[in-house]
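Q: Take a look at the letters that make up each chain.
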Amino acid sequence: MTMASKSQRSKPAAIWHGVWPALIVAVVVFVVWYSASHFWGMPKYILPAPDLILKEAFENPNSLLRNGWVTLVEATSGFAVGVLLAVFVALVLDSWRFLEKGMSPYLVVGLNIPIVAIAPAVIIWFGFGMTSKIVVAAILTFFPVVIYTLKGLKAADRREVDLFSVLSASRIQGLLKLRMPSSLPFFFAALRVASAASVLAAVVAEFIQANAGIGYLILTAAYTNNTPRIWAAVAVSAGIALLFYWVVTVAERKLIPWHASVDARN
Amino acid sequence: MTAAVVARDLSVTFESGGGQFQALDAFNLTVEKNEFVSLIGPSGCGKTTVLRCIADLITPTGGSVTVNGIPPRDAIKKRDIGYVFQSATLLEWRNVIKNVMLPLELAGVPRSEATPRAEAMIERVGLTDFVKNYPRQLSGGMQQRVAIARSLVMNPDIILMDEPFAALDEITRDDMNRWLLEVFDQSSTTILFVTHNIREAIMLSDRVVVMAARPGRIVKEFKVTMPRPRTAEQTFSDEFSRIRQAAEEALYGAATRTKVGE
Numbered sequence: 001m002t003m004a005s006k007s008q009r010s011k012p013a014a015i016w017h018g019v020w021p022a023l024i025v026a027v028v029v030f031v032v033w034y035s036a037s038h039f040w041g042m043p044k045y046i047l048p049a050p051d052l053i054l055k056e057a058f059e060n061p062n063s064l065l066r067n068g069w070v071t072l073v074e075a076t077s078g079f080a081v082g083v084l085l086a087v088f089v090a091l092v093l094d095s096w097r098f099l100e101k102g103m104s105p106y107l108v109v110g111l112n113i114p115i116v117a118i119a120p121a122v123i124i125w126f127g128f129g130m131t132s133k134i135v136v137a138a139i140l141t142f143f144p145v146v147i148y149t150l151k152g153l154k155a156a157d158r159r160e161v162d163l164f165s166v167l168s169a170s171r172i173q174g175l176l177k178l179r180m181p182s183s184l185p186f187f188f189a190a191l192r193v194a195s196a197a198s199v200l201a202a203v204v205a206e207f208i209q210a211n212a213g214i215g216y217l218i219l220t221a222a223y224t225n226n227t228p229r230i231w232a233a234v235a236v237s238a239g240i241a242l243l244f245y246w247v248v249t250v251a252e253r254k255l256i257p258w259h260a261s262v263d264a265r266n
Numbered sequence: 001m002t003a004a005v006v007a008r009d010l011s012v013t014f015e016s017g018g019g020q021f022q023a024l025d026a027f028n029l030t031v032e033k034n035e036f037v038s039l040i041g042p043s044g045c046g047k048t049t050v051l052r053c054i055a056d057l058i059t060p061t062g063g064s065v066t067v068n069g070i071p072p073r074d075a076i077k078k079r080d081i082g083y084v085f086q087s088a089t090l091l092e093w094r095n096v097i098k099n100v101m102l103p104l105e106l107a108g109v110p111r112s113e114a115t116p117r118a119e120a121m122i123e124r125v126g127l128t129d130f131v132k133n134y135p136r137q138l139s140g141g142m143q144q145r146v147a148i149a150r151s152l153v154m155n156p157d158i159i160l161m162d163e164p165f166a167a168l169d170e171i172t173r174d175d176m177n178r179w180l181l182e183v184f185d186q187s188s189t190t191i192l193f194v195t196h197n198i199r200e201a202i203m204l205s206d207r208v209v210v211m212a213a214r215p216g217r218i219v220k221e222f223k224v225t226m227p228r229p230r231t232a233e234q235t236f237s238d239e240f241s242r243i244r245q246a247a248e249e250a251l252y253g254a255a256t257r258t259k260v261g262e
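Protein chains in written order, with the UniProt record's numbering: chain U, 1 to 266; chain F, 1 to 262.
Read the hints as simulated data drawn from the structure, not as lab findings.
Among these hints, one or two may not hold up.
Unchecked claim - Dumping the calculated EDC-like pairs for lysine to aspartate or glutamate here, alpha-carbon to alpha-carbon at most 20 Å:
#1 F:K98 to F:E113
#2 U:K154 to F:E92
#3 F:K98 to U:D94
#4 F:K77 to U:D162
#5 F:K77 to U:E160
#6 F:K78 to U:D162
Note that the structure is predicted; figures quoted are calculated from it, not measured.
Whenever a hint applies, use it, and build me the whole structure from the sequences.
A: What follows is the structure, given as structure tokens:
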């Protein structure tokens, strides 16, 4: 009942109610930052003034957009490849206990590989172009998704498993109608982790060797001490990661509205 | 005519922490067709174990069970058995009608036939206004009614109910008991009902079977001959109080003996 009466409140007012604390924080940070640069003598090479960063972004939008686009494509492609592969592998391992037992320690190792360590090798295999970045992003996506999905496939309640047994469900029915739906909350938790990780992976791989992308842009700006450009590029990469996270969250709300974690965040 | 359920010398032993736990010992029970039988007893007396053996969720260590004269596994395959668990066990990603349709769906009944059948069953449990609701939007009593609708939708010959109303408050429980009596009177199903509420057991049943723990076994049986349809007034009848007293004696006597034996 309380839920109904709350949603009676007009929508714009409700949104404003949720947003204004964040806005106030933004204004305070902006004022302090602006004052630090312009009045309190913070050197430009440490942190340039926010208006300088904005100026850089609006004067040279093309390189930001072009390189941002490259990173976005690398991250999303790597994410897509990694997720598809992870789901496939999770289903195979799930139906083959022996293989799962044999593989699971290595999956944990894979989850814990520091990405910087593997990126140079991948670049040697796949070259300087986008492919190597896509592969690195796919690797970083693959491990959390495969591990969480496997876990999710076993997450069905014991009583629900009994129910399916009493209802004489076949193995494939159990998979499609019980175990896969039960795994979705785990799957989406992994996707949220992987969405941030795939952007990180693409940028870090670009640091190592690239001819385009946000990482490349940051590196070249650093060579010329162009700090406003560095920070503008950082902002773009953060924007890409946020956009990505937001898409995953919206998909989660649409696909598993029944789950408590979704409900609690609304 | 074969009986709905025949359990002969049923025994079940569980391994627990290196030791063995005798959940059931030489358990014998026959449930006739269209009979309502309650199993009542303290926790650990193996009431649930009996149901799980009948539903092929456990393979007994010894003895045998038949359902309509065939082994439990075959009865499950023929979808002759409905099961209501202690918790509603609804799938949280399905709304009420989809939950009730689940058994039909798993049995391959086409949707065009399954939908009206599920709707009719939901009407019977009085939840027509909630067909599109998700389980988390329902109260405990409503969830359990959905679970019962789900167990009835395949028209099983026998329904096993494992303390379905244990989690409900007294008032809701009385409501559900009245409602279950109506459902039972209108159908030709057989019900085997596990509870630890004596009043509930007598009100609903044709026969009350009292069990004791360690090892799980039957200590006493009472026939309830109060005419159907049952009414609340019957709880004041001589027969009700006589059976209640005797059942309590059997139950607490059994419980005390168990304690002394420990």
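Q: Tell me the hint numbers this structure goes against, listed in increasing order.
A: Of the numbered hints given earlier, the structure breaks just one, which is hint 3.
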